[in-house]
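Below are the chains, spelled out letter by letter.
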Amino acid sequence: MMLMRRKSTPPDSAAQADESTASDALRQTCLDALPIWAKQIDTARAQTEQAIVELSARFADIVSGLDAALLDSKDSAATGAPDLAATMDDGNRQLARVMEALEAIRDSRQMLAQEIRSLAVYTGELSKMADQVGMIAFQTNMLALNAAIEAAHAGEAGKGFAVVAHEVRQLSNSARETGKLISERVGAINESLSHIVETNEEAARTEGDAVRESGARIQDVLARFRSMNMRISQSAADLRNKSAAIKDDVAESLVQLQFQDRVGQILAHVASTMRDLHERCREPSGSHDGVQFLADMARTYTTEEQRRNHQGETAEPIAAQAVEFF
Amino acid sequence: MSKRILIVDDSASVRQVAGIALSRAGYEVIEACDGQDALSKLNGKVHLIISDVNMPRMDGISFLKAVKAHPSYKFTPVIMLTTEAGEDKKNEGRAAGARAWIVKPFQPQTMLDAVAKLVLA
Chain C
535 MMLMRRKSTP
545 PDSAAQADES
555 TASDALRQTC
565 LDALPIWAKQ
575 IDTARAQTEQ
585 AIVELSARFA
595 DIVSGLDAAL
605 LDSKDSAATG
615 APDLAATMDD
625 GNRQLARVME
635 ALEAIRDSRQ
645 MLAQEIRSLA
655 VYTGELSKMA
665 DQVGMIAFQT
675 NMLALNAAIE
685 AAHAGEAGKG
695 FAVVAHEVRQ
705 LSNSARETGK
715 LISERVGAIN
725 ESLSHIVETN
735 EEAARTEGDA
745 VRESGARIQD
755 VLARFRSMNM
765 RISQSAADLR
775 NKSAAIKDDV
785 AESLVQLQFQ
795 DRVGQILAHV
805 ASTMRDLHER
815 CREPSGSHDG
825 VQFLADMART
835 YTTEEQRRNH
845 QGETAEPIAA
855 QAVEFF
Chain A
869 MSKRILIVDD
879 SASVRQVAGI
889 ALSRAGYEVI
899 EACDGQDALS
909 KLNGKVHLII
919 SDVNMPRMDG
929 ISFLKAVKAH
939 PSYKFTPVIM
949 LTTEAGEDKK
959 NEGRAAGARA
969 WIVKPFQPQT
979 MLDAVAKLVL
989 A
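Residue numbers (the working numbering), protein chains in the order written: chain C, 535 to 860; chain A, 869 to 989.
Hints listed in this document are in silico derivations from the structure and should not be mistaken for laboratory results. Treat the hints with caution; some may be incorrect.
Across the chosen pairs, the derived CB separations fall in these ranges [to be verified]:
no., chain 1, residue 1, chain 2, residue 2, range
1, C, Asn626, A, Thr978, 48 to 58 Å
2, C, Arg816, A, Lys909, 48 to 58 Å
3, C, Asp783, A, Thr978, 11 to 21 Å
4, A, Lys909, C, Asp623, 19 to 29 Å
5, A, Leu988, C, Ala591, 27 to 37 Å
6, A, Thr978, C, Gln628, 51 to 61 Å
Ideal Cβ positions, reconstructed from N, Cα and C, are used throughout, including at glycine.
All chains should be built: construct the whole structure from the sequences, respecting the hints.
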């Protein structure tokens, strides 16, 4: 623009000389400055590109790492969780079987107790029978005593009968002793059976309590395992979702880094145009065509932003576009 | 066997974005930094080429013309991936034999859809 203004202003007398001197100085400054500016832009562009390439490589590594982690996590979720759930179900089934077995033992014990109680009925009968034996022995003894009295009344003739009566009394005494002994033994058996029944019932109660307590504890442990498993699964799912979201964000950031390509092209074009202008500044005065220079510059734009800027419009950010098939 | 895709772009970050997306989609990727580099890497079966337009040494349109003149690659589909959105350049690319035109910045999925469509065609 500066060169165009100089070209459109007609030279005039003394002012012409001053302006010419100033113009030459300005031209020399441009000649000196333009290559420096172009080089500065190249440096900035190269540094930006290098940084962006390194940054995008890091982002790419993060995306790959998250991809791998998500894949592993999905595999674990697909294989590990059902295994744990199956183990829990199996544990429940095994526990139910153990409980059934223990209940079967308790039932057997109750049946045994029932059998023992039914024995007590028989022993009661035995006791009555022993009492009857005692009673018969007593009555026999009374009969033998009466017979001995009658034999004594009979005198000499009753002597033989007295011997028989004596033997019968001996026998009845022996029978009474036997009945007594039977009663004592039956009493001992009854006592022993009662003790067995009590012990058995106590053992059954203790066993039942232990079984119930063990079952409750195992159920509690399994419930805690289940709850822990659910929390772990939930945490793993949360972690997977967060990782996937981060991966999407990083991948999107990678896409956004494409701005470097556009910025690089714009800066490269500016640097190239500066070099071109530098070359033109070295040409003899008056040979420069500013309009042509700007037209050449506009023709070599590669982005829409450059064209809009050139026309004095605002260069809006460029959004991703659809594919155009030919 | 995975399909081979040649990406030609002077911007390493664009090659990276496109390369990652294509590799993750199961393609084998070959990278070149300009038309001349790409011509030197054209050997064996290449199922599709993605090329930038504005590049040093040999630009994308010249490279496209060279590909279409090559007996082994004249039927290889070429997608132009460029900052150029002007109709003149687009027409130039169409006339030279490009099959699709994608303007940067691009969404990797958009590129993958176009690649899948042309590789299968």
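* **Supplied distance hint 48 to 58 Å, evaluated on CB atoms of Arg816 (chain C) and Lys909 (chain A)** => violated, 40 Å
* Lying within 19 to 29 Å: is that true of the beta-carbon distance Lys909 (chain A) to Asp623 (chain C)? -> Given range 19 to 29 Å: violated, Cβ gap about 58 Å.
* **Thr978 (chain A) versus Gln628 (chain C) beta-carbon gap, inside 51 to 61 Å or not** => holds, 56 Å
* To do: Confirm or reject the claim that Asn626 (chain C) and Thr978 (chain A) have a C-beta distance inside 48 to 58 Å.
  => holds, 52 Å
* To do: Can you let me know if the beta-carbon spacing of Leu988 (chain A) and Ala591 (chain C) is within 27 to 37 Å?
  => Holds, since Leu988 (chain A) and Ala591 (chain C) (Cβ atoms, about 31 Å apart) stay within the stated range.
* Status of the given 11 to 21 Å range, CB of Thr978 (chain A) versus CB of Asp783 (chain C) -> holds, 19 Å
Hint check: violations occur at hints 2 and 4; the rest are consistent with the structure.
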